[in-house]
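Asker: Let the hints inform the model, and build the full structure from the sequences given.
Chains as they are written, first to last, in the numbering used here: chain E, 1 to 219; chain X, 1 to 605; chain B, 1 to 195.
These are computed hints drawn from the structure, not numbers from a lab.
Do not rely on the hints blindly, as some may be mistaken.
As the list claims (entries may be wrong) - When the alpha-carbon atoms are kept at most 20 angstroms apart in a straight line, the in silico DMTMM-like pairs for lysine to aspartate or glutamate are as follows: (1) Lys21/B <-> Asp83/B; (2) Lys219/X <-> Asp83/B; (3) Lys21/B <-> Glu11/B; (4) Lys219/X <-> Glu8/B; (5) Lys21/B <-> Glu166/B; (6) Lys219/X <-> Glu555/X.
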Amino acid sequence: MGVFENVSTYGAQVDSLYLLVLIVTGVAFFLVEGVLIYFLIRYRHREGHRAMYTHGNRRVEIVWTVIPGFMLFGLAVYQYSAWTQIKIDRPNEAEAVVLSLEAEQFEWYAAYPGSDGELGTDDDIGSPVNVIHVPVNQPVIIRLTARDVLHSFFVPVLRIKQDAIPGTTIPVWFEATQPGEYEIVCAELCGLGHYRMRAFLTVESETEFQAWLAEMAAR
Amino acid sequence: MSKQKATPSHDGNVAHDGAHAHEHPPLSFWRKYVFSTDHKVIGIQFLFTALFFFTLGGLLALLIRTQLAWPWEEIPVIGSLFYAESGGIMLPENYLALMTMHGTIMIFFFIIPVLSGAFGNFLIPLMIGARDMAFPVLNMLSYWVIVPAFLVLLAAFFVEGGPPAAGWTSYAPLSALPDMVPGSGTGQTLWLVSLILVGTSSIMGAINYITTIVMLRAKGLTMFRLPMTIWALFITAVLVTLATPVLASALIMLLLDRTIGTHFFLPDGGGHPVMWQHIFWFYSHPAVYIMILPAMGMASDIIACFARKPLFGYRPMVYSIMAIAGLGFIVWGHHMFVSGMNPTLGLAFMTSTMMIALPSAIKTFNWLGTIWRGDLHLTAPMFNALAFVSTFVIGGLSGVFAAATPVDIFIQDTYWIVGHIHYVLFGGSLFGVFAAIQYWFPKMFGRMMDDRLGKWHFFLTFISFNLVFFPMFILGAYGMPRRVADPYEYQLFAPLQPLNQFMTISAYVLGASQLILGYNFIWALVRGPKAAQNPWYANTLEWVAPSPPPHGNFETIPVVYRGPYEYASPLVTADYLPQHQQLDGLEPAVETKPVQKTAISPASR
Amino acid sequence: MTVTYPTEANEQPFPGLAIQKFLMWLFLASEVMFFTGLIVAYIVIRFNSSSWPVVAEVLNVPLVAANTFILICSSVTMVLAFDAFERGQLERGRYFLIATMVLGIIFLSIQAIEWDELIGHGIVASTNLFGATFYTLTGFHGAHVTGGVLWILGVTIAAFRGHYGENPIGVEVLGLYWHFVDLVWIILFTIVYLI
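Answerer: Quick look at the structure:
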């Protein structure tokens with residue numbers, strides 16, 4: 001995250017949340033480990049020295065319970081909107097490119113609605129195996145399912161991941177911001193070929209996308 | 001009038017006093033060493049068995065690392081031994097079997113048995129001033145139920161199709177359908193049977209431990225005078241009692257899907273794959289606390305002892321353990337954020353998961369408070385206990401990223417998670433185990449391990465451990481997925497191979513470093529200097545018994561007058577004041593002359 | 001069997017509570033969680049299912065209602081058995097133990113008839129999820145009843161050998177288990193047969 005490119009509209013939000021957690025935990029890390037090392041050196045045994053006899057301090061306990069408590073709770077609530085936006089809300093289907101994606105040991109099968117505008121009908125346009133094309137700067141909704149066991153649709157540059165479940169269709173949405181060819185990774189153990197269940201997402205202009213779709217329809 | 005048996009059974013705490021108050025005809029070898037009902041023998045049986053599985057699990061890990069560094073290349077020596085048919089090269093099914101068995105063995109056959117089975121058994125009666133567990137026969141049976149579990153799982157290596165290959169998490173439908181992956185045949189069934197047996201053994205032990213801790217404490221040993229080790233083992237036992245049976249129900253349903261054709265988790269018959277995950281993780285999340293709490297308790301006791309200072313915040317520490325256990329039952333969905341579970345639940349589980357970081361943070365601060373202004377004796381057990389704290393912190397902090405659901409979308413099923421779990425389990429539990437072994441070895445075996453060797457082991461382990469596992473967070477931030485035999489098939493991850501190679505070499509160093517501990521352990525067993533009764537000048541009751549304790553543990557059951565952390569007490573000149581020590585006025589009532597040269601000596605004034 | 005209570009050497013948090021009874025409560029807690037796993041799975045499956053059979057048509061509800069009554073009666077006889085032993089009425093105690101065992105066996109027999117009828121209708125565990133959950137729930141319950149019946153047999157034999165006169169803890173602990181098994185059945189009967 002930030003380690004490579006983000007080509008998703010909500011990707012920047014995910015990356016900044018990652019950075020926020022990194023800063024908060026980073027500060028905590030350096031503080032705690034620093035204190036630990038300092039104490040190790042400062043309070044190591046020396047002849048004639050006796051430890052301080054204390055069983056604790058109530059005030060300090062309250063402080064270091066309440067402050068982290070609020071921070072953690074705040075951190076959770078702060079992220080509600082990002083999660084909601086990515087996983088709960090969805091663009092209007094009428095305004096999005098809709099396709100179905102079915103995962104099967106060990107390949108991905110995408111299909112697009114044909115001229116009837118409906119998926120799951122005879123005039124659906126099949127994509128070559130392991131290939132998905134989408135137009136840039138348009139919301140895309142994938143109806144994700146699996147044909148045999150669990151798989152997971154993971155596109156690192158889009159910051160999206162969703163398990164594919166046989167017997168269930170799950171909508172996954174994204175909007176790509178940059179043309180290119182990107183790898184799709186299977187992220188749920190699905191058997192022997194799990195390691196090579198690789199597919200390719202091509203993001204292209206609307207014209208190119210329509211042309212490609214027409215070409216696929218002709219086949 | 002019920003008949004008095006000639007050889008009174010050891011069921012229950014029959015009121016004994018005086019050494020060897022029960023007359024025994026001498027026990028046969030089998031009754032004394034194999035089917036012993038003495039908690040110390042049973043504890044040691046668990047210890048040795050667990051250490052065997054630790055070694056096996058570790059070797060499997062080295063093989064996994066080898067594949068990740070040099071995929072599909074001929075492996076020297078091991079390759080010709082195990083992969084001869086494929087020219088000494090690991091195959092994908094081998095890889096999946098390796099990672100499944102590595103996880104399964106480490107969790108169910110090493111960590112849980114060593115913490116609860118070995119240390120739980122050995123320490124509980126001693127630390128509470130009892131002669132044995134409440135139900136010694138049940139205790140013996142709990143070990144002999146786990147032995148068939150071990151054999152069944154080991155058998156999985158040798159059956160057709162090989163060991164299970166669906167991961168230790170065994171998600172359906174992959175694990176439910178015998179044809180979906182090799183190893184999904186007999187191997188998977190054996191795995192299920194084995195785990196059912198392990199769970200049974202755990203529950204048998206847990207209900208015994210709870211009964212013993214509640215009912216058989218010595219006079220004066222109120223609950224809030226118990227050492228943290230006992231509190232932790234107690235609450236862990238409650239977790240085991242309540243959570244493990246739920247795993248059993250899931251394992252049984254999966255077994256039925258595989259054997260008699262039910263469709264609990266199979267969509268073809270109307271079943272629900274995600275339901276497996278819910279029921280599995282309802283147990284397996286508390287399970288991770290089962291795997292860490294005892295180590296937390298032991299670390300507290302060891303740190304207080306070698307800091308020569310009372311534990312900071314005893315009650316908050318106890319309540320934190322309770323909070324971790326309680327909250328542990330309502331966070332399971334954080335393993336399932338992208339599983340297809342209702343996403344609204346993601347909000348709830350994110351919140352509860354963030355909150356469960358809080359009690360662990362409190363504990364960390366209290367450990368720091370304990371060493372603050374202490375008198376730190378940096379022995380090998382102390383180093384290991386402090387490493388527990390420092391690596392557990394990293395593990396916990398890395399978990400905050402996973403709890404953050406939008407971030408988890410990216411890092412779920414990547415090496416971030418693998419790094420997180422190994423920091424809490426290896427960094428946490430395992431360093432805790434290393435500390436505990438070296439700390440209680442004198443009590444268990446009546447001899448001292450070598451502290452210098454212990455430190456060498458520690459430093460090499462600590463450094464190489466961090467070199468292996470910290471980079472996993474980098475891999476995870478790149479999105480490198482887990483359970484993938486060759487990540488470099490993806491252009492995205494091809495640049496990560498050099499880092500993986502570095503990690504693998506560090507792993508070899510890590511593995512080799514364990515030989516130092518192994519050598520130290522075995523050498524000490526046969527040639528270690530004889531241990532004093534209380535070589536660490538500690539306060540808790542196990543140090544009242546001889547090293548090692550005889551059958552029946554104590555000459556006279558001690559009476560307790562205070563809590564376990566009266567180090568540096570102003571009441572005495574010595575820097576410790578045992579729980580059972582009676583004080584007349586303010587005279588020092590403890591020996592100030594060390595029996596032998598040990599790593600620490602009581603500070604005078 | 002030797003009964004053990006914590007002594008003066010112990011803290012005695014619950015004076016008068018035998019450790020066997022404490023252990024049994026803990027064991028029952030684990031059993032509750034086991035059945036909870038199965039029951040929750042059943043509830044999730046059933047209420048997500050669009051094609052669940054009408055229970056009254058497939059299962060013989062009146063017969064099983066009677067069977068439930070029989071099991072409840074066996075809990076009553078179990079209480080009476082324990083009560084008798086507590087009062088030192090050993091003969092009465094033994095007879096009630098036998099009565100409990102007989103009622104338990106009748107329960108199991110009627111369960112077997114139920115199963116036989118259902119198999120006759122072509123519904124086995126693999127047929128559909130109704131079958132899977134039905135047989136799993138009633139099967140594991142039946143296994144627990146069977147274990148209980150065997151345990152009653154053992155206790156009865158011990159009673160005939162003169163045990164429990166001094167201290168009926170063995171009967172009491174068995175009673176706890178038996179009541180638990182009965183309670184689970186009442187829940188199962190409600191959620192499988194009645195709802």
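Asker: Against this structure, judge whether each hint is valid.
Answerer: Here's how the hints hold up against the structure:
no. : hint                  : verdict
1   : Lys21/B <-> Asp83/B   : 16 angstroms, holds
2   : Lys219/X <-> Asp83/B  : 33 angstroms, violated
3   : Lys21/B <-> Glu11/B   : 17 angstroms, holds
4   : Lys219/X <-> Glu8/B   : 7 angstroms, holds
5   : Lys21/B <-> Glu166/B  : 16 angstroms, holds
6   : Lys219/X <-> Glu555/X : 15 angstroms, holds
Figure legend: structure checked against the earlier numbered hints; the only hint not met is number 2.
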